[in-house]
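> As a plain string of letters, each chain reads:
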Amino acid sequence: MLSVIRTIWNVFLHSFRRRVTIQYPDEKPYLTPRTRGRIVLSRDPDGGERCVACYLCAVVCPVDCIALQATEDEHGRRYPEFFRINFSRCIFCGLCEDACPTYAIQLTPDFEMSEYNRQNLVYEKEDLLINGPGKYPGYNFWRVSGVQISGKDKGEAENEAPPTDVYRLTP
Amino acid sequence: MTTPHPIASIVGVLIVALSLSAFLIWVERRLLALWQDRYGPNRVGPFGLLQVLADMIKIFTKEDWIPPFADKPVFVIAPAIIMVTVLMSFAVLPVAPGIVVSDLNIGLLFFLGMSSLGVYSIVLAGWASGNKYSLLGGLRAAAQMISYEVFMGLSLMGVVLLAGTFDLTAIVEAQRGLWYVIPQFLGFVLFLIAGVAEARRLPFDLPEAEAELVAGFHSEYSGMKFGMFFVGEYLGITLISSMIAVLFLGGWNGPWLPPLVWFLIKVFAFLCFFILLRASLPRMRFDQLMSLGWKVMFPLALVNLLVTGAIVLAKR
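Quick note, the sequences are listed as chains A and B, same order. Counting from 0, one number per residue, gives the positions in the first sequence under numbering that gives the first Met the number 0. Counting from 0, one number per residue, gives the positions in the second sequence under numbering that gives the first Met the number 0.
Just chain B, same shape as in the assembly (with noise of 0.2 Å):
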């Protein structure tokens, strides 16, 4: 199979990327629906796909207004540097062999990097907008970013002991014989968990509570900037699910279908597993979602970790 193009590759990603992310809309939308026994949006186009169609050209012809009491450049920045960092990140992303924009061999330190520079994005949001609601939200995300960043670096070092490599083509290349769900079960939790709170899903999406602190960070966005932050977090749930996919479930390993296929499915499967979620689960209360990452989740890595690496080191 021949290389493609970079140019062709990064063409490829955004287009999929953005496509995927608003599709996602609607997807979110009939399946919260179907969860909840009602049909959701059906009534523009076939199954209502069109649905997104009429949102977009709604959401560009909304007033794009900065409220007067908002810190002027980093009000509008704060929104571009979500899509940016998120974007960033499918750069390493290997999708079918050959098909990667950038094949880093730091791959995953990339990955890590970048969805903690994500935060500046909402806690320079929340600050800008001079909104005490937004305020709280912005404390909120980076609080959550913090704690949750941590853990989910250590969790997914298991992998990385295995494949002997930060490259992620290479991690994937390595899970040829044995998925990495199998020998790393409690990191695939863990950074499941871990991948929720940094997409600021359900039941961890404590920086935006629409019942308590009115969207939090982007209460004061409208238009196109809301928009961004609206399409940045969908991206954020893809590239969630693509790293699962990539670094536990094998990426494009899989019997009979071609690669592209398989790792599409696996993606696929993880984006309605986020839906879930939120069909599901209550939001949890600040001082738990502390709790929880530091005193269960942060040892529980350890642990994991410790334990990897001895048998690691004793199989050699």
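Only chain A is shown next, with the shape it has when bound in the complex (with noise of 0.2 Å):
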């Protein structure tokens, strides 16, 4: 008996505490950089796009909401022809973002993205490509990595040492 008048002061007392909504349209919650709301394609710091088509994220993506088709440009650079990616299935889970060896697909912190219509959830590169390099802003795969491009040889890139000639046996 007394436990229940106790409950029913300690719920009268909850009259005084501070309300925990957020109302939405009118406050924007804070949301951390790292939370995982829409998805963007970065570009490298000298503006090309980063993405290297290897599939790994449409590989990873567990609902298989990543489409995309890899070609090489002249220089000899893989990127993909087209990439898509169909938000109405996306569930922001950012195991894309962890496969992607080239830091180029990113998750953002912006989760407002309704449509009316269903098929405008559905990305194409051009909506996805940012205009800058996203979370790592020095990063340029194609300077760091040995892969051989017109203009960068093997043995070119940052700290990488010069290719040994297999047919000598002096080191």
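None of these hints come from the bench; they were simulated from the model. One should not assume that every hint holds.
[Claimed, not checked] Per the computed footprint, the stretches of chain A lying under chain B, defined by three or more beta-carbons under 8 Å from a beta-carbon of chain B, are:
(1) 5 to 11
(2) 14 to 25
[What the hints assert, rightly or not] For each label pair, taking beta carbons as the anchor points, the in silico distance ranges come out as:
(3) A:Phe11 to B:Lys61: 31 to 39 Å
(4) B:Asp102 to A:Ser2: 39 to 47 Å
(5) B:Ile56 to A:Glu111: 52 to 60 Å
(6) B:Phe267 to A:Asp25: 24 to 32 Å
(7) B:Phe267 to A:Val62: 47 to 55 Å
(8) A:Cys92 to B:Val213: 32 to 40 Å
(9) A:Gly47 to B:Ile56: 55 to 63 Å
(10) A:Ile7 to B:Val43: 37 to 45 Å
(11) A:Pro32 to B:Ile14: 54 to 62 Å
[Claimed, not checked] To give a feel for the contact side, a few chain B residues facing chain A, derived at Cβ under 10 Å:
(12) Leu33
(13) Gln35
(14) Arg37
(15) Ser279
Note that CB positions come from ideal geometry on N, CA and C, so glycine has one too.
Starting from two chains that each stand alone, build the complex the way the hints lay out.
As structure tokens, this is what we get:
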């Protein structure tokens, strides 16, 4: 009986508590920088596309919402011919970001993507590409990787030793 | 003060009671939200006040569906019964000096009789729905109402003994010096608990128990028929709060403020208390409800009646 009265009193004391609701459209909640929201494709500091169309994101995606087609440009750089994310399927798990070897695909703290038409939730490459490096400002995949492209031969990448001549015995 | 024309009283009481019970829906949602640290409806109109209006428009435009397996005439008449019986009880309610629709000299008995008749609404609704959950709700309502009606009446007998009348206006007049909540504190608590059970509010809302009986007796109802049950329930809360105010808190008696304002303040305080009960207490189990009613409340009401009677006799 006493516990019942105490319960009622304690609930009454909640009249003076702060309300926890954030009145969303009027006041926006603070989202941490690592919030997993809308997916973007970033560019390297030179302005070129980071994505090398390795398909790892499409493979790791648990809901198969990423579709892309690899191709190669005149410099020998791989890039996606098209890159399509169906956000009506995406569960924002962030596995694609984990899998990406070039920091190209990144999740941003934006979640306001409502649409009246379902078709509008399918984002093409031009919708996904942003004009910046995203969370990794200095990183340039083509500069640091050993892949040979025109204008950068084997051994010319940053911190890369010149290639070993396998036909010579002396080191 | 001149007595208003009876028709004016009837219309006034009807309008105030119905709009108050509609307003209560908003009050309940906002207060529940307050006690759960959230906001509740606050988007439609100032403070969300027009939410009630929006809900009314919605409920009026809903399909009024009668299930094919239902007993049609009974199904249709059941929601009307609850409204009629509760509104009839408002007829004997003395709001302020002179403002009462019908000043019956057996007003209290009339109120008890009408609130007993209200049970038919729920039992018939549960039975006519042709649905086992509804039927269970109706059965529970019948058992609960019968057992709580008994000590509800008995708990009021102390007041009747002290005032020496069943006339509600005379009971209010008799409390001019001392509100009956002090000499009849046990009766007040018993009537409060019985009133919560009578209005089928948490923690005694077993007939409708959303969690187990999917809304119990009114799960088959839609549209305005459901609305009638809803408004009937809120009218019932208002009625019980008014009765507590009239019988134990001296009705319109109070210093400085005009009588009508005092009455409304007291009623509103109890309405808020009813909502607070809903916010804080879990629903009882059915056997707990029954044993509480018959093994605790009923003997207490008898003791209260005996002691009050003895004191009244000894003072004579």
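> Could you run down the list of hints and mark each one as holding or not?
Consistency of the hints with the structure:
Only residues whose beta carbon comes within less than 8 Å of a beta carbon in chain B count, and the region 5 to 11 of chain A has 5; three or more means the coverage holds. Evaluation of the coverage hint for the region 14 to 25 of chain A: fulfilled, as 7 residues show C-beta separations to chain B shorter than 8 Å, against a requirement of three. Evaluation of the 31 to 39 Å hint for Phe11 (chain A) and Lys61 (chain B) yields a pass: the beta carbon distance comes to about 36 Å. About 43 Å separates the C-beta atoms of Asp102 (chain B) and Ser2 (chain A), a value consistent with the hinted range of 39 to 47 Å.
The supplied range of 52 to 60 Å is broken by Ile56 (chain B) and Glu111 (chain A), whose beta-carbon atoms lie about 30 Å from each other. Checked against the hint of 24 to 32 Å, the C-beta distance between Phe267 (chain B) and Asp25 (chain A) comes to roughly 30 Å, which is consistent with it. The given range of 47 to 55 Å is respected by Phe267 (chain B) and Val62 (chain A), whose C-beta atoms sit roughly 53 Å from each other. The supplied range of 32 to 40 Å is met by Cys92 (chain A) and Val213 (chain B), whose beta-carbon atoms lie about 35 Å from each other.
Look at Gly47 (chain A) against Ile56 (chain B): about 58 Å separates their beta carbons, and that is inside 55 to 63 Å. Against the hinted window of 37 to 45 Å, the Cβ-Cβ separation of Ile7 (chain A) and Val43 (chain B) comes to about 30 Å, which falls outside the hint. In this structure the hint that Pro32 (chain A) and Ile14 (chain B) lie 54 to 62 Å apart at CB holds, the actual value being about 57 Å. For Leu33 (chain B), the shortest C-beta to C-beta distance to chain A is roughly 6 Å, which falls under 10 Å, so the interface hint holds.
About 7 Å separates the beta-carbon of Gln35 (chain B) from the nearest beta-carbon of chain A, less than 10 Å, and the hint is met. Evaluation of the Arg37 (chain B) hint against chain A yields a held restraint, the C-beta minimum of about 5 Å falling below 10 Å. Interface restraint check for Ser279 (chain B): the shortest CB-CB distance to chain A comes to about 4 Å, inside 10 Å, so the restraint holds.
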